[in-house]
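Number of protein chains: 2
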Amino acid sequence: MSQFSYQLLSQDLETGARRGVFSTPHGTVQTPAFMPVGTQGTVKGVTIDQVAATGAEMILGNTYHLALRPGHETVRRLGGLHGMTLWEGPILTDSGGFQIFSLESIREITEQQATFRSHIDGSIVQLTPEHSIEIQESLGSDVAMVLDHVVALPAPRSTVVDAMERSIRWAGRCLNAATRDDQARFAIVQGGLEAELRIQCAKELATMDFEGFAVGGLSVGEAPSEMYRITAATCPHLPADKPRYLMGVGRPIDLLESIARGIDLFDCVMPTRNGRNAMAFTDRGNVKIRNATYREDTRPLEEHCPCLACRHSLGYLRHLFVAKEMLGPILLTIHNLTYYQRVMSEARAAIENNTFAQYVREKKAGWGMVDELP
Amino acid sequence: MSQFSYQLLSQDLETGARRGVFSTPHGTVQTPAFMPVGTQGTVKGVTIDQVAATGAEMILGNTYHLALRPGHETVRRLGGLHGMTLWEGPILTDSGGFQIFSLESIREITEQQATFRSHIDGSIVQLTPEHSIEIQESLGSDVAMVLDHVVALPAPRSTVVDAMERSIRWAGRCLNAATRDDQARFAIVQGGLEAELRIQCAKELATMDFEGFAVGGLSVGEAPSEMYRITAATCPHLPADKPRYLMGVGRPIDLLESIARGIDLFDCVMPTRNGRNAMAFTDRGNVKIRNATYREDTRPLEEHCPCLACRHSLGYLRHLFVAKEMLGPILLTIHNLTYYQRVMSEARAAIENNTFAQYVREKKAGWGMVDELP
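Residue numbers (the UniProt record's numbering), protein chains in the order written: chain B, 1 to 374; chain D, 1 to 374.
Just chain B, same shape as in the assembly (with noise of 0.2 Å):
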């Protein structure tokens, strides 16, 4: 019997919104969720016990950064990412595809393998599906991401054919290597911005073992609109039994318009990131905390937020970011990923109350957007 399930609980009647829990060896993730991205075996910022306390269940590790450094095999021997990292939940690991993909470094990719540059010391790395998961079985993940083969976009129509049919077969070579029963196997649907390829891969993907599905290609410099006509177009034809992962993605609003369209798990950089470089996320929009307006301002960055910067003024959090003291990154930080978990919350909640549609419409007027639901 698997180690692995996913559960769906309940669906939003009006635009079908899925709520669930997706069962691992090291716990379960309630869904819709959002994992922090820890590229190289840490979150950006913060320790692992703040990581734990923004709510999050469920975090993503680099294949790619983790390989070259600090090398697969040096993570297997301080314990995997979990002995290493101390984190006690879920663990999901990308396949290096997508690194490989946007590192701008000298690639080359056939039918055995992908061959890059490392942007470390600029050593020849070549990388074929059944390393990938090598790799990942040595990093301990939950979740071993299926090696893809990712192209820009526009590309012509036979470049886009070509990557996702690879893809397909990559696929199943990565199934095949597969040694571990406490590791899932999730594959990556690809095709571009076409719905037609799109739906061809999902279908043949989903004739095989995997426990779970992800779109990946997208958020690479499309307007949101195509990001959400290909997510709509290729949910439908994923097994309804399995989670269903959006790589990459994306803004808030991204989220929600992605859990609209039958999406469960999310990764994104965007709020460690931004709150690295000064920019909060609230329910009133984005918040860039450097203003001088906030100068000797007393209030918290939001009321009623649970978060460490939150019981801090404003005034305090500018004068951090602008004395360029690490504790105003840390802070944002902390505060970003509460803000992403506090929405995956409140979307869980309101899937839950069959007002999802309601809540997003909201939830955008707070952010001063236009309404862009169908």
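The set of hints was computed from the structure by calculation and includes no laboratory data. Every value quoted in this text rests on a predicted model; they were computed, and no experiment measured them. Treat each hint with caution, since some may be false.
One copy or two, it doesn't matter: identical chains are merged, so the pair holds either way.
[To be verified] For lysine-lysine, the following DSSO-like pairs were computed, each having C-alpha atoms within a straight-line distance of at most 27 Å:
# : residue 1 : residue 2
1 : K288      : K324
2 : K44       : K288
3 : K324      : K44
The hints should help you fit chain D onto chain B, whose structure is shown.
Frame of chain B; chain D shown alone:
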């Protein structure tokens, strides 16, 4: 009745080391005590909860830095240092004298005031003893230090005498300028490396109405033995019923040697600065975390240390620094502050048990140091 008091609880029979308690409006401090330094209104790299968790009972803020940025009036409007930082215990602020001395800016000292250039924008700043107290009253610290005239050593005797005498006159001006009953004033003994001048300065300041006394102008490049000699010469001439503070000191061994000579309070950036630079204090001496021998070391930095850093493996700590992750400096700052507090806690227990000299010998043996106690 004063809101401040120092109670001498016990004294080590062999060394005379003092075990006491310093009471302030924001609570008590068990002495000997080490104060973490929060230069710009934050102990660098850690949240205020993490500072408290190290066991620290009192922290320090720097008047010079806070007056320039965000400005002491802004600090006052944001609730003072306590309201801004959320530190609930006592806070001590220095006077700006040492920063005027140590920062490489054009400076001129007359009987009336010190004149220097801001290290932030190069503007001309003038600081009088009265203004230093006014600033510290705006900051709302529990203990304000008098403005003193620090000179670089070695210096001609006449220069040292001139600065010492001016420091005494400025101490008197600070007392006269003070208006807050909830803020104590500590005098600062100057006099370079001449015991005779130090004793003269201590005796004169002891006749004045201060709640505590500091030994200043040390730890500026002289040999540790010189610092110990001056401390030993000075302390007997300070009132036994007031706390004694050795400013800007130092290594753990410096703390113990100075406690043996009658000091109660310390501050130093060393645990935080060294922590950010990958150097850990431990009972077996200093540990350079980047050392390649720790690459796959699954042991903690220190067994039995309760801090968050020591819940992780040495290999993980090394990885964080090699990968330039913020969590490395964060965790090592927490460890070093915890270590300093642990040494102070052990020192207090040893004084109570009349085993302080033996305790210092054991610590030195662990640190690989030859016994230098007289």
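**Prompt:** Which hint numbers does the structure go against, in order from smallest to largest?
**Reply:** The structure breaks none of the hints.
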